[in-house]
Structures are given as C-alpha cells and as structure tokens.
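Colleague: Okay, here's what each chain looks like letter by letter:
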Amino acid sequence: MGEYLQFVSIDTWTMIFTLINFLVLFLLLKKFLFKPINNVLEKRADEIENTYKTVEKTKIEAEDLKTEYEERLKSAKEEADGIIKSAVINAQRRSDDIVNEASEKAQYIVEKSQKQIELDKKNAVNEAQSDIASLAVDIAEKIIGKKLDSKEDEQLVSDIIDRI
Amino acid sequence: MNGPKIIFTIPLFGGIKVTESIVNMWIIMVVMVIVSIWLTRGLKVRNPSKKQLFIEKLVTMLYDMVRDVMGERYMFFAPYIGTLFLLSILGSLSSLLTLRPYTADLSVILTWTVMTFLIIQINNIKNHGVLGWLKSFTEPVAFITPLNIISEIANPISMTFRHFGNIAAGLVITSLVYGGLASLSGALLSWVPNEFLSSIPILQIGLPAILSIYFDLFTSFLQAYIICMLTMVFVQGSGE
Amino acid sequence: MEKAIVLAASAIGAGLAMIAGVGPGIGQGFAAGKAAEAVGRQPEAKGAITSTMLFGCAVAESTGIYGLVVALILLFANPLIGML
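Residue numbers (our numbering), protein chains in the order written: chain A, 1 to 164; chain R, 1 to 240; chain L, 1 to 84.
One or more hints might be untrue.
To be verified - Straight-line distance between alpha carbons at most 16 Å, and here's what the computed EDC-like set of lysine to aspartate or glutamate pairs gives:
#, chain 1, residue 1, chain 2, residue 2
1, R, K135, R, E240
2, R, K135, R, E152
3, R, K57, A, E42
4, R, K44, A, E47
5, R, K44, R, E56
6, A, K43, R, E56
7, A, K151, A, D120
8, A, K151, A, E141
9, R, K17, A, E3
10, R, K44, A, E42
11, A, K142, A, D153
12, R, K5, A, E3
13, A, K66, A, E56
14, A, K35, R, E56
15, R, K126, R, E240
16, A, K142, A, E154
17, A, K30, R, E56
18, R, K44, A, D46
19, A, K142, A, E127
20, A, K151, A, D138
What the hints assert, rightly or not - Here's a subset of chain R near chain A, in silico, CB distances under 10 Å, partners left out:
#, residue
21, N2
22, F13
23, R41
24, V45
25, R46
26, L110
27, W112
28, V192
29, S238
Hint data in this document are derived by calculation from the structure and do not stem from the laboratory.
Yeah, the Cβ is synthetic: ideal placement off N, Cα and C, and Gly gets one too.
Using the sequences and the hints given, assemble the complete structure.
Modeller: What follows is the structure, given as structure tokens:
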C-alpha cells in the first residue's frame, strides 16, 4: 500500500500484462463484436443482392411476357381484321348475288308479264276479230236474209275486215 | 507526481507488481466485453433495432476508415485497429471516472507501439522476403543504413511519446489545477471556523470540467485516432 | 548540497525543455491558418480538411512532446540524482 512506480518508467511486468490483455481483448472483441456484426452486414448485403437479382429476373420475365402478349394481341388483331375483311367480302358477294338474283327475277317477271300482256292483247284482238267477223256475218245474214255458208263467209268477212 | 500505484504483488519470479494501470485495464476490458456482448445480442438482418444500428454504424465507420487508408487487402486488420482504438480512447477517458488513465503509463503505450512495430516488420518481410526487407534499409545508398535503422526505431518511440506525452501532460495539468483550486478554495474559506467546512474545495466543483473537455475528451479521442491512423499508415506503407 | 544543485538545474532544465513547445505552437498555428483558408475556399470539404489538419497537427506536435517528456523525466523521474 502506498507504493508507486515512477511517473516516467518502463515496467516489464506491466508490458507483459498489457500484451496479454491486448491479445485477450482482441480475441474477445473479434468473437463478440466484429464477427457477429460482420455476419449481419454480410447477410444483409447478400439479401440485398438477392433481392436485386430477383427483381431483375422478374423484370425480364415481365418484359418477355409483355412482348409475348403484345405479339399475341397483334396476331389476334390481324386475325380479327382478316375475319372481318372476309366477312365483308362474303357479305358483299352475297348481297351482290341477292341483288343480281332479285333483278334477274324482276326482269323475268317483267318479261313474263309483258309476254302475258302481249298474249292477252293478241287474244283479245283475235277474239274481237272473230267477234266482229261473226257479228258482221250476222249482220250480213240479216241483211241478206240468208244464212251464209259459215266457213266461206267467215273467210270473206275476215278478208273484208283485214282490208278495212 | 507519482506513477501508477502498485495495487498488489504476486509472489512469483521475485514479485510481479500489478499496478493500477493493469487493474484499470482489466476493468475497462470487462466493461467493453460485456457491452459488446449486450450490443450484439439479438442481431437481425431485417428491421434492426436502434442499438444495432448504432453499433453497426460504428463498426462500419471503422471498416470504412481501414478501407480508405489501407485498402481492401488489409481488411482483416480492422479488428486490431478497432481494439487498439477502443483500448486507447476508453483508457484515456477512464480519467473521467477518477481512474488513473493507463494511457498515461509509458509501459502500456510502449507495448502497443512495439506490437505495431513488429507487425510492420513482419508485414515488410512477408511482402518483400527477408532479403528484400534487409535491403530496404540500405536504400537509397548503403552508408545511410544506420540512419534508416534509427528512423525505423524512432517511429514507435515517437508514437509512444506522442500518446504518452499528451495524456500524461493532461494528467499533470489536471492534477496541478485540482491542487491549485484546492489551496485557493482553502484560502477563500479560511474565515470559516468549522474545520470540516473550510476543508471543502468548493472551487473544484465545475471549473475543472472545462479543462476536462480538452484534456480528457478531445485529447483522448485525438490521440486514439492518431495512434490508429499512424499504425495503419505505417503497416500499409511497409507492404508497398 | 550537490543534490540541491542537481535538483535546481533539473528544474531549470525542465523549464528550458518546454521552450520546445514554441515550435509546434507556431507550426500548428500555421497549419490551422492554412486550414481556415482552405475551408474558406472550399467549404464543402470541411470535414476532410479538419481531419487532415488534426492529423498533421498531432504529428507536428511530436517535437513539442519530446520536450515535454524530457521535462517530465527531469521533474518526476530524474536520472541525474542517481548518478551522484
């Protein structure tokens, strides 16, 4: 008690103790401070790296999917366009056909009716002619008072009518 | 002004004197190990606690410093530097707890610098081989060899004296101021009849704190920083 | 008598040794002035300048510290008394 070393002195035992203390503390701090912290820092760096990698991968995948979908969409559009176009063409053709058919039919009907009309007209004329002829024969009979031989007379009358 | 007190003597090899410096160092070491165990308990990779962020920040600062000064290939050196820094700064700061700072003991600092010196030489030999190491003393001319050896040995000595001198000067000046303030307050209180009251050194309260800021906080930090910096620079330089 | 002379001379020697403190004082003042100049010119590099200055100052302090150590040895661990 009460014993002191000198203020400026070099003590061998102090040096040896200091050396041992330093080495012990170095090992203890390495074990309890630097290693755990280092582990955590490394793990965190790894995790961040992994996250980045995953994100990049996902991004590439998403981009691939996007281009794929775009391509698909484009082809679908083209297909739809084609379908619409062909449908339009079909419809056009069909409508043309219908119109043609209709007009042909109409033409036919018109022609037919015209023919009918003509026929009717002819018939009417013929009928009228024969009526007129018989009428004329009748009139002539009455006038002459004698029944004419119908066939010759009729011929005669017809000729007359024709001449008129 | 006394040196470190001899606390006890181990009766071996003719008496191993265990001084105040060593005992204080043990106290600091125990505190340091307990604190570091506490700080590194329950470390998490995600969502670190504030405690963890703090210790991580400190360790990262140390790593960044080592990386900046020494480069990536000396990263294994960081724990050594960290241990040296913590021992130095906490030793100097222990004067705040009225312990005698063991950094004001020449033997302690000399041990550290001799260790650094040996590391420098070993690193030199490792990088250049024994012949290259020996040859490095004869550069640039052969007859300058003694000067080279002296300058090599002067490095640890100057480091030792720098650290020791700063802290010891702080210790001397602080104790001078305390002594002066004690006698001054004794003179001021001489009119008080009560013996006990007049012996209270009232001027010692608060005033030395201003000195303490420089001599304890600033110098402690600066010297710890300097000794680590010089160690790193010398070790890095020896490997070039 | 001899011891008293040695002690007195040691005390004077310690005082004289502390004259070494002048050099680092001037040098550090110069360094601090230059650092202030540098900060004025480049305020964004304040941190780097300050740490560099402190480092340089601490290294430049060596000579002063040698003087201090000599003074401390003369005062507290006088080797000369043992030679008597």
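Colleague: Next, verify each hint and record whether it holds.
Modeller: These are the hints, each one checked on the structure:
| no. | hint | in the structure |
| --- | --- | --- |
| 1 | R:K135 / R:E240 | holds, 14 Å |
| 2 | R:K135 / R:E152 | holds, 14 Å |
| 3 | R:K57 / A:E42 | holds, 14 Å |
| 4 | R:K44 / A:E47 | holds, 12 Å |
| 5 | R:K44 / R:E56 | holds, 11 Å |
| 6 | A:K43 / R:E56 | holds, 13 Å |
| 7 | A:K151 / A:D120 | violated, 25 Å |
| 8 | A:K151 / A:E141 | holds, 13 Å |
| 9 | R:K17 / A:E3 | holds, 10 Å |
| 10 | R:K44 / A:E42 | holds, 12 Å |
| 11 | A:K142 / A:D153 | holds, 13 Å |
| 12 | R:K5 / A:E3 | holds, 6 Å |
| 13 | A:K66 / A:E56 | holds, 15 Å |
| 14 | A:K35 / R:E56 | holds, 12 Å |
| 15 | R:K126 / R:E240 | holds, 11 Å |
| 16 | A:K142 / A:E154 | holds, 15 Å |
| 17 | A:K30 / R:E56 | holds, 14 Å |
| 18 | R:K44 / A:D46 | holds, 14 Å |
| 19 | A:K142 / A:E127 | violated, 22 Å |
| 20 | A:K151 / A:D138 | holds, 13 Å |
| 21 | N2 | holds, 4 Å |
| 22 | F13 | holds, 9 Å |
| 23 | R41 | holds, 9 Å |
| 24 | V45 | holds, 5 Å |
| 25 | R46 | holds, 8 Å |
| 26 | L110 | holds, 6 Å |
| 27 | W112 | holds, 7 Å |
| 28 | V192 | violated, 31 Å |
| 29 | S238 | violated, 20 Å |
In the structure shown, a violation is registered for the earlier hints numbered 7, 19, 28 and 29, in ascending order.
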